[in-house]
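Participant: Sequences and hints are given; from them, build the entire structure.
Protein chains: 4
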Amino acid sequence: MIVIMKRGTPQKEIDKLSEALTAKGVEVNPVVGKDLTILGLVGDTSKIDDSWIEANRNVVRVMHVAEPFKKANKMFHPEPSTIRVGGQEIGMNSRLALIAGPCSVESEEQICGIAAEVKAAGANFLRGGAFKPRTSPYAFQGLKYDGLELLMEAREKTGLPIVTEIMAPHDIEIFEREVDVIQVGARNMQNFDLLRELGKTRKTILLKRGLSATIEEWLMSAEYIMAGGNENIVLCERGIRTFEQYTRNTLDLSAIPAIRKLSHLPVVVDPSHATGKWWMVDPLAKAAVAVGADGLIVEVHNDPANALCDGQQSIKPSVYRQLIDDIRPIAAAVGREM
Amino acid sequence: MIVIMKRGTPQKEIDKLSEALTAKGVEVNPVVGKDLTILGLVGDTSKIDDSWIEANRNVVRVMHVAEPFKKANKMFHPEPSTIRVGGQEIGMNSRLALIAGPCSVESEEQICGIAAEVKAAGANFLRGGAFKPRTSPYAFQGLKYDGLELLMEAREKTGLPIVTEIMAPHDIEIFEREVDVIQVGARNMQNFDLLRELGKTRKTILLKRGLSATIEEWLMSAEYIMAGGNENIVLCERGIRTFEQYTRNTLDLSAIPAIRKLSHLPVVVDPSHATGKWWMVDPLAKAAVAVGADGLIVEVHNDPANALCDGQQSIKPSVYRQLIDDIRPIAAAVGREM
Amino acid sequence: MIVIMKRGTPQKEIDKLSEALTAKGVEVNPVVGKDLTILGLVGDTSKIDDSWIEANRNVVRVMHVAEPFKKANKMFHPEPSTIRVGGQEIGMNSRLALIAGPCSVESEEQICGIAAEVKAAGANFLRGGAFKPRTSPYAFQGLKYDGLELLMEAREKTGLPIVTEIMAPHDIEIFEREVDVIQVGARNMQNFDLLRELGKTRKTILLKRGLSATIEEWLMSAEYIMAGGNENIVLCERGIRTFEQYTRNTLDLSAIPAIRKLSHLPVVVDPSHATGKWWMVDPLAKAAVAVGADGLIVEVHNDPANALCDGQQSIKPSVYRQLIDDIRPIAAAVGREM
Amino acid sequence: MIVIMKRGTPQKEIDKLSEALTAKGVEVNPVVGKDLTILGLVGDTSKIDDSWIEANRNVVRVMHVAEPFKKANKMFHPEPSTIRVGGQEIGMNSRLALIAGPCSVESEEQICGIAAEVKAAGANFLRGGAFKPRTSPYAFQGLKYDGLELLMEAREKTGLPIVTEIMAPHDIEIFEREVDVIQVGARNMQNFDLLRELGKTRKTILLKRGLSATIEEWLMSAEYIMAGGNENIVLCERGIRTFEQYTRNTLDLSAIPAIRKLSHLPVVVDPSHATGKWWMVDPLAKAAVAVGADGLIVEVHNDPANALCDGQQSIKPSVYRQLIDDIRPIAAAVGREM
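Chains as they are written, first to last, in this note's numbering: chain S, 1210 to 1547; chain V, 1210 to 1547; chain Y, 1210 to 1547; chain A, 1210 to 1547.
Any given hint could be a false lead.
The list cannot tell twin chains apart, which means a pair is met if one copy fits it or any two copies do.
[Stated by the list, open to error] Restricting the straight-line Cα-Cα distance to at most 27 Å, the calculated cross-link-like pairs of lysine-lysine (BS3-like) are:
hint, residue 1, residue 2
1, Lys1280, Lys1470
2, Lys1470, Lys1412
3, Lys1233, Lys1215
4, Lys1283, Lys1486
5, Lys1225, Lys1470
6, Lys1280, Lys1353
If you're looking for bench data, these hints aren't it; they were derived computationally from the structure.
Facilitator: Structural data, given as C-alpha cells:
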C-alpha cells in the first residue's frame, strides 16, 4: 500500500500518521521528494481500510500494490484449480465444459428433449432456468420449483449434471440438495448476503460477472464465497455494460487472459447473454475457445421463435451440434480437449 | 410497440406473425414501404414479451413506444406523490427531505451525538448503516442488529425517523417493525427477490439507483415493489459507473428532471457516495437542490478521519450545518421550502 | 512516480533498472517488503515515459503520483486565471460568462435577431456554428465562411464577442483574424495537430471535453495548447458518453469542482449538448451555476421547430430570458455576479 | 423513420406535422392507438434531419428503422468488398491481412530489421508510426517526415506495403504519394475535415474505431470518406473505452460479426492497442481470427524494453513468428487462408 501525502504537509503530521499506521502493525517507509512525500507500507495491509487513511486531510491518495483478494489469488495458489462435479471436471487441465440448454425450463418434453439433443451434440452439462430474474415484474418468472423437478428429471434421463440459477438465500437448502452447479446471476454478483450463504455450502458455484463489475470486484465476490470455505467456484464472463447498444452487452474476452493471470479459478464464457443475438453465438463461442476459456455456456432451444424468454439469443440443437463440431479444431489448436 | 420486418420478408410470413400477434389481443397496423415493412401494435402490449417477437427470424428489431412501467408512470398518475413517514413528508409539494448521518453506526455515543447535531443543523431524517455491503469479505460489515438498536435509541432521543439499509429478505420482519425508511442499496437494485418481498410491506422504501442501471431499469425496480402493492417509494440517485475514475462514480443530475418527466415518485440525491470525496459534497448538494431534487442524503461523521468506513466522503457536523444554511437561498430560488 | 516490481525479481534486475532510472536523472528510493519491492522515483520524472518502464518484464505497474500536466496545474499556479476577451472577462473572479445563440448560423435575420434578444436577456457572448461537425456526411454542414461573415455582422450590431467552432487547421488564419473565442469541439479534443496550431496563436480557446475524455486527458489537451505559449483557455463540460441513453450524454457536473481542485483555468457548462433535450436546459443550467461553473453556453433559437440543426435542444429567447432571471438568486447564493 | 406523438396531441397538430413531412417528399402512415399515435414515414427519409422533427413539441421521439449509412451498407452492396493495395488483397475472400511492425519508427536499422523479421514470420504489411498522437505534448511525437523516409526504405528492402498514421490534412499530399495504406487513428475517427479530404484520394484507408464510437458512428465515418468517392476502406477494431481499467481498452470482438452483418467493408483487429499488455496479444489475436476478422495489426518490436513508445504492448519478432504459426489451424478452422 502506498500513501501519497499532500504537498507541504508539516513533518509532524506525517509523523503522526506514520505512528498511527505503525500501531496497526505495518512498517512505514517514507520516500521524501521535493514536491511529494510518499509512505510505502510494508507488511499485512489487509486489515487497513484505505478509506480510513484517505479520510486524513493530508493524504492525497492511497494506492494498492497488491490485489485485495487472497484465496482467489494465483499468487498464493499458482496451480490452476480443477472443479469436480457430477462426474465432470472443469478447469485448465480438463476438457472443455460444454454447458447448454434453454433459457427457461418450460415443460418436461421441452427440457428432456433439449437435454438429449445437446448431450448428443457433445454437451457435458445441462443448463436451464427455473427461477428467472426478469427486469419486469410482469414478465414470465419461471416455473420455479416445478422447473427444478423437470431439470432433475432431465438429469436422470441423460446423466448430465444440471446448472441453474438461484435467486434467494431461502432456496439454498433445496438447491444444495438437488442441483449440481448453482448459478449466481450477474445482477446478484454483489448480493453479499447470498454469497456468504453459498460460502457455507460445498456446492459448485457458477459466478457470473456483474454487468458493471470490474475484474477485481468479480474476484472479490468469489473471495466472499471462498472466505466461507467453499472453493468450488467457476467464473463466467457474460458481457459488460458499455455505451455500445448494438449488442445487449459487450463481451469482454480480454477478461479470460486477465483471470488466468490473476487467479487459479476456472472461467467459462456465455456468448448468448453477452450479445442477445443468436447469430453472434457461433463466432463468439469460437473466439471464446481460441482466447482460452475453460468452457462455454450456450442457450439452446428447440423452438426459439416460441421460447418463453430470450428466444432471440437461442440457437437450435442442430446449430449447436454444428458449432461444437466446428470448435473441435480450434480447441485442438489451443491445446484443449473436448 | 413497433416491429421492424426484414427486407424481403415474404407476405405470408408477415401475415403469419400478424395473426400470432392478433391472437395475443393486440391490433396490428402494417406500414408498408419499398424497403421496409413495419407493424405498429396497438392495444395492451404489456403482456407481449418482445424477446418472443425478436426471436422470429424475419424480425429485425422491436421498438417500444410506451414505457414498460405502469404504477410508477406519470402518464397514469400525473400528480406527484407525497410519501408520509415518521411525521415527515417527502415529495415535490413538501419541504426538502434532509437525511444525514454516518456511513456506519459505530457506538451509542457516536450515533446519538451525530443525530443531535444533524437535527440541530436542520436534518429531518437520520441515516446510518447497521448492515454494510462491502466489496471485501474482510472489511467491517457493520454492527448489524446491535446497530439497529442504537439507531432506534437515537430516534427516541431526537425524534428523527431512521433510514437504514436492508441486505437480506430474512431481515424484513425486523426492519418492518423497527425502521422508518428501508434503504435498498445500489448493488441490490435488481435483487428481485428482495424487491418482491418489500412489495408485500407498506414501509417507505428508499430505492438507490444501481451502478449501471438505466433510468428505465431503475423505474422497473420501483415497479417490482409497487406491483406488490407498496407504493411508498423514494428514488435516490447516487452516481453511475462510467469510464471517469477521478470520482468514485459519476453523479447523473440529469436523472432528476428525467424522473420528473417519467414518474410521479419523489427523488433525492446522495452526493457523498456519488463522488467518494468529502470536498465535493458541498457543490454537488447545492447543484442537486438547484436541479430540483426532493431531498439530500449526506454522510456526516463527527470524526471522519477515524470513521470505520467511508471517512473520506463524510463531512463534519459543522460543515453540514454550514451547507444547510448555504442551501436555503438556492432552495428558495427553485421554489422549495426547507 | 512509483514502480511496482514483480514478486521474486532478482536483486540484480532491480539494480539494473535502478541504474537505468538514475541515469535518466531521477533519484530511486527502494521500499523493500516481503512480497513486494517498490521503487519510489523522486525528481523530474516528466521526461520518463512510463510505457518505457512498464515494458520491463520485471515491472508489474507504474503509478503516477503527480499529475502529468504542468502549465494547466493549479499546484504551480494557485491563483485562478482570468481570461480577457472582447471587453469581457471569464474566470472565478469575474461575473458569469453567459454565452448564447443558435446551433447553426442560418441567415442574417436569424443570427442578428437572436443576438439582440440574448443580449437583452443578459448574455455577454454570442455563439453560433458556421462550420458544423455532423455525424452524417449528408447532413447540413453549416454556412461556413458566409456564416462567419454573418456572425461578424451580428457582433457589430450588438457588441457581443463571438464564439464559434473551428474544424480544420487551415482555417486558423481567418479565425485568428475574425473570431473572438475559438471553440474546439468535443470530437476534436484530441486532434493534436489542431491543438498545436492553436497554441501558436494568442486567441481565447473554448476547449470542450471529449465524449469519452477523462478529466486528466482534457487537461492534457489544454496543456497541448499552453505548451505552445497560448494560455487563454476556457474549459467546457458538455456531457460524457455513458451507458445511459435517455439523455444524449451524461452531464458530469462533478467535473467542475474537480477542475477547480486541479487547475486554475476557468470552466463553463453546456447543458444543451449534454442532454439533447430543451426541457432539461433549465434545471441543468441552474445546477451548473450552483455547482460553481464560471459560465453557461446555451443554445437559443427563435424557431426551434424549424432550426437547421439540433432544434430539440434549443430554447426560445423568451425562455432564455426567464432562465437568466431565475438564475440570479442562485448565482448570488454561491457568491457569483451576473 | 417512425415518429411517436405525445399522448393527447390534438388532431390538427398531427395533421400539420404530417403535411410538413409530406412536403419533404415522404409518405406518412399514421397508426392510431388509444394512448399513442405513431407516424410511419415511408420513402427517402435520408434528407430529413430527425432533430428537426424532435424539435416539434408534440413529438416524443423519432426512431430510425433504416441505417443512416448507404455506401458502406451491405443492404445495397451484398458482396463483401476486396481491397487491393500494394500487390496484396484485404477482404473476406482473401487471405488474412497480417500487418505488423513497431509502434514508432525509430531508426533505419530498427525498422528495416523488424520489417525483415515480420516478413519472414508471414506478415504481408509493415506498420510503423512516423507521426504519433500522444496524450502529452511532452512525449515523443515521432520522427515525422524522416520516419516516412525510413518506412519507404523498409518497403523497398522487403517489398511489404506500408501502413502509417496521418494526423493532419496538410500531410495528405505526401501520404498519397508515398504511403500504401493511410491509417486514421481512433482519436481522429470523427475529424470530419480529415475524412472529407481523404475521400478525395483513392488511397486505402485503415479507419480505426474511435474510443467511444458506436458501430453505427464508425460506419458513418467510413461513409464520410466513401461519400467523397473513395471506397477503399478497411475498418479496424482496437478496443473501446469502458469502466474496466485492467486493460487499457476493452476489445469488442462482437463488433466483427456486427460489421459483417451491416457492411461489406473488410475489418481487422488490433489486439495490441486494445489491451495495452503484450501478454494479451497472443490470446486475443487468436480470438480475433476465430471470430472472423479479415486480418490482424500487431505491434512488434525487436527490443520492447527500450522502445520509444508503447513497449509494454509490443511483442518480439520471435513471439510474433510463433503466434502466426499457432494461428494457422484456427484460420483453417474458420475457412481462412493465410
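Participant: Give a verdict on every hint.
Facilitator: Status of the hints after comparison with the structure:
1. Lys1280 with Lys1470: within (14 Å within a copy, 39 Å between copies)
2. Lys1470 with Lys1412: The answer is within: 25 Å in one copy meets 27 Å, while 42 Å across copies does not.
3. Lys1233 with Lys1215: The answer is both: 22 Å in one copy and 26 Å across copies each meet 27 Å.
4. Lys1283 with Lys1486: between (34 Å within a copy, 18 Å between copies)
5. Lys1225 with Lys1470: Only across copies: Lys1225 and Lys1470 sit 25 Å apart there, 38 Å inside one copy, limit 27 Å.
6. Lys1280 with Lys1353: Cα proximity of Lys1280 and Lys1353: across copies only (26 Å, versus 33 Å in one copy).
The structure agrees with every numbered hint stated previously.
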